[in-house]
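Turn these sequences into a full structure, and let the hints steer you where they fit.
Chain by chain, the residues run as shown.
Protein chains: 2
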Amino acid sequence: MAERITPRSEDFGQWYVDVVLNAKLADYSPVKGCMVIRPTGYAIWEKIQQQLDSMFKETGHVNAYFPLFIPESFLHKEAEHVEGFAPECAVVTHGGGKKLEEPLVIRPTSETIINAMFTKWIQSYRDLPMLINQWANVVRWEMRTKLFLRTTEFLWQEGHTCHATEKEAREETIRMLNIYKKFAEEYMAIPIIDGIKTESEKFAGAVETYCIEMLMQDGRALQGGTSHLLGQNFAKAFGTKYLSKEGKQEYVWQTSWGVSTRLVGAIVLAHSDDKGLVLPPRLAPLQCVIIPIFKKDFDSSKLLEKINELKDKLKDKVSVKIDDTENNSPGFKFHQYEIEGVPVRVEIGPKDFENGVFTIARRDTGEKFTIPFKDAPKKIEGLMEEIQNAMFKKAKDILDSRTFTMDDYEAFKTKCEEGGMFLLHWCGRRECEDQIKADTKATIRCLSFDYKKEKGKCICCGKPSERRVHFARSH
Amino acid sequence: MAERITPRSEDFGQWYVDVVLNAKLADYSPVKGCMVIRPTGYAIWEKIQQQLDSMFKETGHVNAYFPLFIPESFLHKEAEHVEGFAPECAVVTHGGGKKLEEPLVIRPTSETIINAMFTKWIQSYRDLPMLINQWANVVRWEMRTKLFLRTTEFLWQEGHTCHATEKEAREETIRMLNIYKKFAEEYMAIPIIDGIKTESEKFAGAVETYCIEMLMQDGRALQGGTSHLLGQNFAKAFGTKYLSKEGKQEYVWQTSWGVSTRLVGAIVLAHSDDKGLVLPPRLAPLQCVIIPIFKKDFDSSKLLEKINELKDKLKDKVSVKIDDTENNSPGFKFHQYEIEGVPVRVEIGPKDFENGVFTIARRDTGEKFTIPFKDAPKKIEGLMEEIQNAMFKKAKDILDSRTFTMDDYEAFKTKCEEGGMFLLHWCGRRECEDQIKADTKATIRCLSFDYKKEKGKCICCGKPSERRVHFARSH
Chain A
7 MAERITPRSE
17 DFGQWYVDVV
27 LNAKLADYSP
37 VKGCMVIRPT
47 GYAIWEKIQQ
57 QLDSMFKETG
67 HVNAYFPLFI
77 PESFLHKEAE
87 HVEGFAPECA
97 VVTHGGGKKL
107 EEPLVIRPTS
117 ETIINAMFTK
127 WIQSYRDLPM
137 LINQWANVVR
147 WEMRTKLFLR
157 TTEFLWQEGH
167 TCHATEKEAR
177 EETIRMLNIY
187 KKFAEEYMAI
197 PIIDGIKTES
207 EKFAGAVETY
217 CIEMLMQDGR
227 ALQGGTSHLL
237 GQNFAKAFGT
247 KYLSKEGKQE
257 YVWQTSWGVS
267 TRLVGAIVLA
277 HSDDKGLVLP
287 PRLAPLQCVI
297 IPIFKKDFDS
307 SKLLEKINEL
317 KDKLKDKVSV
327 KIDDTENNSP
337 GFKFHQYEIE
347 GVPVRVEIGP
357 KDFENGVFTI
367 ARRDTGEKFT
377 IPFKDAPKKI
387 EGLMEEIQNA
397 MFKKAKDILD
407 SRTFTMDDYE
417 AFKTKCEEGG
427 MFLLHWCGRR
437 ECEDQIKADT
447 KATIRCLSFD
457 YKKEKGKCIC
467 CGKPSERRVH
477 FARSH
Chain B
7 MAERITPRSE
17 DFGQWYVDVV
27 LNAKLADYSP
37 VKGCMVIRPT
47 GYAIWEKIQQ
57 QLDSMFKETG
67 HVNAYFPLFI
77 PESFLHKEAE
87 HVEGFAPECA
97 VVTHGGGKKL
107 EEPLVIRPTS
117 ETIINAMFTK
127 WIQSYRDLPM
137 LINQWANVVR
147 WEMRTKLFLR
157 TTEFLWQEGH
167 TCHATEKEAR
177 EETIRMLNIY
187 KKFAEEYMAI
197 PIIDGIKTES
207 EKFAGAVETY
217 CIEMLMQDGR
227 ALQGGTSHLL
237 GQNFAKAFGT
247 KYLSKEGKQE
257 YVWQTSWGVS
267 TRLVGAIVLA
277 HSDDKGLVLP
287 PRLAPLQCVI
297 IPIFKKDFDS
307 SKLLEKINEL
317 KDKLKDKVSV
327 KIDDTENNSP
337 GFKFHQYEIE
347 GVPVRVEIGP
357 KDFENGVFTI
367 ARRDTGEKFT
377 IPFKDAPKKI
387 EGLMEEIQNA
397 MFKKAKDILD
407 SRTFTMDDYE
417 AFKTKCEEGG
427 MFLLHWCGRR
437 ECEDQIKADT
447 KATIRCLSFD
457 YKKEKGKCIC
467 CGKPSERRVH
477 FARSH
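Protein chains in written order, with this note's numbering: chain A, 7 to 481; chain B, 7 to 481.
One should not assume that every hint holds.
In this list, chains with the same sequence are indistinguishable; a pair is considered to hold if it fits within one copy or across any two.
[Claimed, not checked] Heads up, simulated DSSO-like pairs for lysine-lysine below, C-alpha to C-alpha not over 27 Å straight-line:
no. : residue 1 : residue 2
1   : Lys104    : Lys38
2   : Lys30     : Lys126
3   : Lys208    : Lys104
4   : Lys321    : Lys53
5   : Lys319    : Lys339
6   : Lys63     : Lys323
7   : Lys30     : Lys247
8   : Lys63     : Lys53
Everything labelled a hint here was simulated from the structure, so no lab data went into it. Quantities reported herein were computed from a predicted structural model and do not represent experimental measurements.
Written out as structure tokens, the structure is:
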């Protein structure tokens, strides 16, 4: 059933596709550029949703739902926005058998349609802040697609907020970026670099775009999430005003922020190995699988009794399943659950039983060891935390060992071929950013919050620079 | 802020819109036929989703996500299906700035695109049953729209399953209908009539359509959910086959079933009153609001201490909020929470405090009474169940008192003007079904499971009939 997974060393791109398809996370669809999220992949997305949704609600946000369709004219109200998104839009020209008077664009993002509603809903400072989130599908026409990472349609959440002051909007922008950071590090087990995007990389229509950036196993960066300070751009385009305490009509200050099903792809790229998927326990729909190894001449009911006992002790703390089907051999099953990334596998055969132990296999390290019956529930529960931490540490080691501080352009160009994050001096000018991209395919991932002032020279033009910024090739 | 709610007796249609808008459940959008689900309405939808999703998962279903777009040619593969849905489709003709080679239809329902995937995924009997659900938005072009009840875009869940035998598929169809029934009665507090649709009312492409039908306060019926036995229609159109145990290639047997955001509208229509929304406690995002009545010369901290104590005792069992804002008067707040349908309101002023009691107001009946401090947590918790049951009983009384058994066509025609469910003899012929609809606007809601054999004459043509069926005008 399972096809061969190409080793990473042979072809990283093919390895990624093989892992996604073999773990049944997603599949290609008959619609160009669109994928199907299969149950195993969707269950991971549900775990992501549950956790993020509760973090959003804890910080005062509420969910709502806005139309899929956006009148084409709305997109045109904010000049930068239309320039950025119009080329990627899918357009509905016919509905109910008739040509539409005005074409409808399928939302590539919802700032415009949501602002039209904000304008209706917000009258006074008492209505602020307005903190809304939407879980939805969006469409951005893509030429080159890749399962989870870049598809024409994808699922995401988009937060949209209105505030009375710029200060509050700025605080919100950073608050949500910090939630993404916390989520990426503590749940996805992926260390991030947080900072601000350059002018050329910012969201079309934003004043500033903040992001979390990750480094994948192939040394390429991946943008994990963005949080935008929109200023008053959309408020002015849509007339979103409020009556201040002082009785004046003022434009609201806004933010928007989002993460998507791309995060599922990030988990694959950051942690998986040549055997298949490796999932951080906190986002694994199934955390532990128990497999009995039946033998002739050994009473299988003894094994079943033991594993049911273990399952009962675990089930309130760990998501657990017994696989005692007899269609497939234990070896086949081990292989399957490895492909699917289940963090812990418990085995028990007649010999284990006689020794009073379970055999435990860790998916992340491949380690196997035995544990006395009575210690097993506690040990397995503890393993979840242990694996979660070990996976973060491993990803952090990759990031640290592949972050390079460089000052020589030629050396950088060569090194860049191997991948990695590069801390380079940059003069701040678009020309150099573009030149470096043309020469190396590396882009500025962000101007990280965490940096030290340091006098230096732009690696491209030699003009003075005050700090280093993160460059990398990206997914 | 709140506008007047038109009394039901004056204009039921306007009353419905007023309740929805004033409770901020939804709003009109700038896109024709599409609505915005506001946070208060979306929170109800989230409660519906959570409960149904857990019921689906308990019965072995898993969630997945399929593309929004369907190639136009797919729709044409099943003859009845395209005839039913093509006139309602929104069509994407352009993407990424170019005209598409083949237009894409926005899913009105996903049988076709999902069957294309089933064909890929299902090889042998070991892959069956395949039990998949999707939470998604769908689009059906509508001329006359009504918030929640009929909108061009709406949110729903659609289950799609494949089975090895017709028997299993039929069992699944009924299993899911029963889940809808249970949910409607136990959570929405709305009694239902379950049964099978006539040929003319069944889903385009199904062999049989089962449904749950409800009676609203205005005497009009509302279809709450449908469960379809698809037979092998889509399997044959898409070549969805499996290798049987006996080594033969067989077409799978299928079902599909769905409910939508329309259920939010049903809750409004079934339970609300001239003051605004009335929510069944099990689906109320906020179940209890506590409002202190501050007075000059009375230490407000005493009140706050008492209500915080109450909140702490309630919070694990009841969703509760204190509203101690001072912008608005208690009377204004009472009014607001009535409009929003919060099942229980707790008040406490200086006099209550001195008497050692809280004043409790039930939203469903309007009753007000006092309760000693120490009894309050238990009483309020119990009230949730009490209100839930009372609301169901009230809705059941409406259904019972407005169900009429009639045999005279002229009398029925007159009576039908007032609304109600009508149990009529029908010969089983399309002509009479159409004639009755033309004469009275009433349609056959279903051939209910619960009926007794009874010889009679078709109310329209006088030909023999074996049973009565449910007729009503519907929303």
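Results of checking the hints against the structure:
no., hint, verdict
1, Lys104 x Lys38, "both (25 Å within a copy, 14 Å between copies)"
2, Lys30 x Lys126, "between (44 Å within a copy, 12 Å between copies)"
3, Lys208 x Lys104, "between (38 Å within a copy, 26 Å between copies)"
4, Lys321 x Lys53, "both (17 Å within a copy, 25 Å between copies)"
5, Lys319 x Lys339, "within (23 Å within a copy, 48 Å between copies)"
6, Lys63 x Lys323, "both (24 Å within a copy, 19 Å between copies)"
7, Lys30 x Lys247, "between (48 Å within a copy, 20 Å between copies)"
8, Lys63 x Lys53, "both (16 Å within a copy, 15 Å between copies)"
Every hint from the earlier list agrees with this structure, and none is contradicted.
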